[in-house]
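2 protein chains.
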Amino acid sequence: MLTQITIPFESKENIRYSCNTASLFHGLLMEQLSADYAEKLHENALRPFSQNILPQDAGGIWTVSILTAEDAEKLVPAVTNLKTAEMLQKNDVLTFGAPEQQSVSYSDLFRRHYIMSDAPRLIRLHFETPTAFKSGGQYANMPSAKLILSGLAKRYDHTCGIHDTIYETLFDEMEQRVTISGFRIRSASFSLEGVRIPAFLGEITLRVSGNPTFRSYINMICDYAQYSGVGIKTALGMGRVKYEPIKP
Amino acid sequence: MLTQITIPFESKENIRYSCNTASLFHGLLMEQLSADYAEKLHENALRPFSQNILPQDAGGIWTVSILTAEDAEKLVPAVTNLKTAEMLQKNDVLTFGAPEQQSVSYSDLFRRHYIMSDAPRLIRLHFETPTAFKSGGQYANMPSAKLILSGLAKRYDHTCGIHDTIYETLFDEMEQRVTISGFRIRSASFSLEGVRIPAFLGEITLRVSGNPTFRSYINMICDYAQYSGVGIKTALGMGRVKYEPIKP
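Chain order of the listed sequences is A and B.
Reading the first sequence from the start, the letters are residues 1 to 248 in the numbering used here.
Reading the second sequence from the start, the letters are residues 1001 to 1248 in the numbering used here.
Since the hints were derived computationally from the structure, they do not count as laboratory data.
No experiment lies behind these values; they were computed from the predicted model shown.
Honestly, I wouldn't trust all of these hints.
What the hints assert, rightly or not - Mimicking EDC-like on lysine to aspartate or glutamate, the simulated pairs with C-alpha atoms at most 20 Å apart in a straight line are: (1) B:K1083 - B:E1013; (2) B:K1134 - A:E175; (3) A:K154 - A:E168; (4) A:K146 - A:E203; (5) A:K134 - B:E1175; (6) A:K242 - A:E100.
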């Protein structure tokens, strides 16, 4: 089960919360959880949630996406029960509005792309908070189809318990059959505890060739990306993405 | 000797000449040359000139850059003697304005970067007409530091008669010591005889580490790029670039 909660908040001090402040909200979220469960989340490299902030005048919009039903049981109440919060780092107090919640099961996601639709060949991804990758141990701030999709494939498998994917074959296919046909991107950095992570923002259009099953798969994991995020540090506010299938 | 001629032109039919029309100006230029010399240019894969069009209302600006003194003898008069030209493909007649010409010798270029200046670590390149590369036999429309610089190094050597560069070492150094630290780019296509070549436009900031000699070299070839262009089909209007050293 994939669950997404969107919750607006107002700042007492009229502060506009930038996407970089998501790490503060990560801290806030951890404070609402049992120490055991927070510790377990911390140990899990592929975290079962992503969260991010979109700025608004005098506040922002907080989005938390949870990738498994088990984690949703713990994380959903932690978010939706919040009414106010002190933000000590900003000398501010936040008031949370009404949360909106939507869910989709993995089987619905599968059906939506494999059965219900004629999978489009063009997919536009809108990167709404700074997005970056690690490649060969280094930060990579310029996207490629393979960097975007290979991480999504692994995270998708991890969260829905698939263990038999032959990644070498899959990643080769991604490299051969998916190209970036259009883009409008710019460099952007994400500040995290005083460190500036080189990243990018903007839009990318993927062109997917190959058979309908492969096209369905790529569409499905790009739809999934709206919950998981793309690239590194998606639990700390990076890699928020919107999926837009482009119908011919 | 590097020579650049800039010549404005007016269109009788008030047509705005896009950067894609540079191939027509390539044809016009070839018509002004002896058949033997035009043939010789055609056979030379690394052409000793680049040319491109920047659009203006009711016309445009034609820039022709020539990379050797020998070729300048033939190409400069072919450009500067033009007063009018029929553009049959557009049912148009062009009137050329006064050409501006500037030159720099390779030794001056060398001195400017190696001796006169403390080579900056940041270089901004402004890609003003669609720019693309070939990599592994395929068009590449997204830039990398290596794609930009490796082609420049080879063209620089070719036009000033250097034969002893060990490219493997140089390209490794480029990959390790030059990163794209900032960018604002978008996809763009260049139309050439009915074919759309995927390309990009925009700005890229290179960060050069390493010793001063290497930094001077990278600055020098990026300055040279203003004459040679970057990437493929620079004789047909692609890959026009402006070099901007960023002083600390």
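A quick look at each hint next to the structure:
1. B:K1083 - B:E1013: holds (17 Å)
2. B:K1134 - A:E175: Roughly 16 Å separates the two Cα atoms, so the pair holds.
3. A:K154 - A:E168: With Cα atoms ~12 Å apart, K154 of chain A and E168 of chain A stay inside 20 Å; holds.
4. A:K146 - A:E203: Holds, at roughly 16 Å.
5. A:K134 - B:E1175: The given pair, whose Cα atoms are some 16 Å apart, holds under the 20 Å limit.
6. A:K242 - A:E100: holds (17 Å)
The structure is consistent with each of the numbered hints, conforming to all of them.
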